[in-house]
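Trainee: Sequence:
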Amino acid sequence: MNNIIIKILLIYFSLIFSLASKSEIEITAATMEWNKEDNIAIAIGEAKAIQGNNILYANKIIVFFNKKEDIESISKLDASGNVKFIKEDQIATGDNAIYYVENENILMKGNVTLQREDSVMLGDELSIDLKTSSSKLTSKKNEKVRVKYNSKKIE
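Per the numbering used here, the very first residue in the sequence shown carries number 676; after that it's consecutive.
Just to be clear, a hint being listed does not mean it is correct.
[Claimed, not checked] Simulated crosslink set (DSSO-like; lysine-lysine; CA at most 27 Å straight-line): (1) Lys-784 / Lys-762; (2) Lys-784 / Lys-815; (3) Lys-762 / Lys-819; (4) Lys-806 / Lys-742; (5) Lys-823 / Lys-759; (6) Lys-723 / Lys-762; (7) Lys-784 / Lys-759; (8) Lys-751 / Lys-784; (9) Lys-759 / Lys-723; (10) Lys-784 / Lys-823; (11) Lys-816 / Lys-784; (12) Lys-806 / Lys-743; (13) Lys-751 / Lys-723; (14) Lys-815 / Lys-735; (15) Lys-711 / Lys-723; (16) Lys-815 / Lys-759; (17) Lys-759 / Lys-735; (18) Lys-751 / Lys-811; (19) Lys-823 / Lys-762; (20) Lys-762 / Lys-751.
Keep in mind the hints are simulated off the structure, nothing from the lab.
All chains should be modelled from the sequences, with the hints used to inform the complete structure.
Mentor: Laid out in structure tokens, this is it:
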């Protein structure tokens, strides 16, 4: 009986710890500015936001805070200039990106490139759903999305 209780407690605390570390976002940059009135912080110069295995790089990241009662949380990150987003085996680059933290969605725009394993996809707008690990790449009306696959021989 004691073993079962200990195992349940271990699973419970593991789950709580993984959820807590997933929601925590660490932001670094050469300089950081705060505007308490507008509930924003601006990270400028080699800005980087890390949340678990997800990393967002940009020249500038604007952090938007959402204050509910006494709890302040990050609602979105607005990244601009040389944007790069890395999640496990995929790397997305573009001109600008907005990460909607609560919905776990990223919208990247402008000269978008998405690399996964041995494939490269090019377009103008990329939407990534981090919950389902799905993505959608679109291009301008008169242009097409381009994809390059590198086939591997299975032995």
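Trainee: All the hints need checking, so say for each whether the structure fits it.
Mentor: Do the hints match the structure? See the list:
In summary, the hint linking Lys-784 to Lys-762 is supported, as the alpha carbons are separated by about 17 Å, within the 27 Å threshold. Only pairs whose Cα atoms come within 27 Å are accepted, and Lys-784 paired with Lys-815 is accepted, the gap being roughly 11 Å. Under the criterion of a C-alpha separation no larger than 27 Å, the hint pairing Lys-762 with Lys-819 is consistent with the structure, at around 25 Å. For the given pair, Lys-806 sits about 24 Å from Lys-742 by alpha-carbon distance, which is consistent with the 27 Å threshold.
A hinted pair counts as satisfied when its Cα atoms are at most 27 Å apart, and Lys-823 with Lys-759 qualifies at roughly 19 Å. Taking the CA atoms of Lys-723 and Lys-762, the gap is near 14 Å; set against the 27 Å cutoff, the hint holds. Proximity of Lys-784 to Lys-759 is assessed by CA-CA distance (about 11 Å); at most 27 Å being required, the pair is judged to hold. Restraint check for Lys-751 and Lys-784: the C-alpha separation of about 16 Å stays at or below 27 Å, so the hint holds.
Straight-line distance between C-alpha atoms of Lys-759 and Lys-723 comes to about 9 Å, which keeps the hinted pair within the 27 Å bound. For the given pair, Lys-784 sits about 20 Å from Lys-823 by alpha-carbon distance, which is consistent with the 27 Å threshold. At most 27 Å may separate the alpha-carbon atoms for a hinted pair to count; Lys-816 and Lys-784 meet this at roughly 14 Å. Our distance criterion of 27 Å between C-alpha atoms is met by Lys-806 and Lys-743, whose separation comes to about 24 Å.
Only pairs whose Cα atoms come within 27 Å are accepted, and Lys-751 paired with Lys-723 is accepted, the gap being roughly 14 Å. Only pairs whose Cα atoms come within 27 Å are accepted, and Lys-815 paired with Lys-735 is accepted, the gap being roughly 25 Å. About 21 Å separates the Cα atoms of Lys-711 and Lys-723, which keeps this hinted pair within 27 Å; it holds. For the hint pairing Lys-815 with Lys-759, the CA-to-CA distance comes to about 21 Å; that is within 27 Å, so the pair holds.
About 12 Å separates the Cα atoms of Lys-759 and Lys-735, which keeps this hinted pair within 27 Å; it holds. Our distance criterion of 27 Å between C-alpha atoms is met by Lys-751 and Lys-811, whose separation comes to about 20 Å. Straight-line distance between C-alpha atoms of Lys-823 and Lys-762 comes to about 20 Å, which keeps the hinted pair within the 27 Å bound. Distance hint between Lys-762 and Lys-751 is fulfilled; the C-alpha atoms sit about 17 Å from each other, no more than 27 Å.
Every hint from the earlier list agrees with this structure, and none is contradicted.
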